[in-house]
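Using our numbering, you'd call the opening residue of the sequence shown number 191 and step up by one each time.
Read the hints as simulated data drawn from the structure, not as lab findings.
Source: prediction; values computed, not measured.
Ideal Cβ placement from N, Cα and C applies to all residues, glycine included.
Just so you know, not all the hints are guaranteed correct.
In silico DMTMM-like pairs for lysine to aspartate or glutamate, Cα to Cα no more than 20 Å straight-line [as the list claims (entries may be wrong)]:
{"no.": "1", "residue 1": "Lys222", "residue 2": "Asp202"}
{"no.": "2", "residue 1": "Lys222", "residue 2": "Asp196"}
{"no.": "3", "residue 1": "Lys214", "residue 2": "Asp196"}
{"no.": "4", "residue 1": "Lys224", "residue 2": "Asp202"}
{"no.": "5", "residue 1": "Lys220", "residue 2": "Asp196"}
Pairwise CB distance ranges (calculated) [stated by the list, open to error]:
{"no.": "6", "residue 1": "Asn200", "residue 2": "Glu239", "range": "39 to 45 Å"}
{"no.": "7", "residue 1": "Glu239", "residue 2": "Tyr217", "range": "33 to 39 Å"}
{"no.": "8", "residue 1": "Glu193", "residue 2": "Gly216", "range": "16 to 22 Å"}
{"no.": "9", "residue 1": "Leu204", "residue 2": "Glu239", "range": "38 to 44 Å"}
{"no.": "10", "residue 1": "Ala235", "residue 2": "Met205", "range": "27 to 33 Å"}
{"no.": "11", "residue 1": "Asp202", "residue 2": "Lys232", "range": "18 to 24 Å"}
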Amino acid sequence: MKEGEDYYFNDDGLMVFTAAYHLKRGYCCKNKCKHCPWGFGKKRAKKTERDT
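When you get a sec, could you build the whole thing from the sequences and use the hints?
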């Protein structure tokens, strides 16, 4: 793993994985990661009657 490419440390000193790291890993861990390239845990826009 390479700092700056695969992860970085936030202001609290915690390691945060990047989207590039997640893509290299190849699957979603379903932990609502901040940079999840699969969007797990992100709120989705609700459909309205006009959208259908």
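Cross-check of the supplied hints:
no. : hint                        : in the structure
1   : Lys222 / Asp202             : holds, 18 Å
2   : Lys222 / Asp196             : holds, 17 Å
3   : Lys214 / Asp196             : holds, 9 Å
4   : Lys224 / Asp202             : holds, 15 Å
5   : Lys220 / Asp196             : holds, 18 Å
6   : Asn200 / Glu239: 39 to 45 Å : holds, 41 Å
7   : Glu239 / Tyr217: 33 to 39 Å : holds, 36 Å
8   : Glu193 / Gly216: 16 to 22 Å : holds, 21 Å
9   : Leu204 / Glu239: 38 to 44 Å : holds, 43 Å
10  : Ala235 / Met205: 27 to 33 Å : holds, 31 Å
11  : Asp202 / Lys232: 18 to 24 Å : holds, 22 Å
In this structure, every one of the numbered hints holds.
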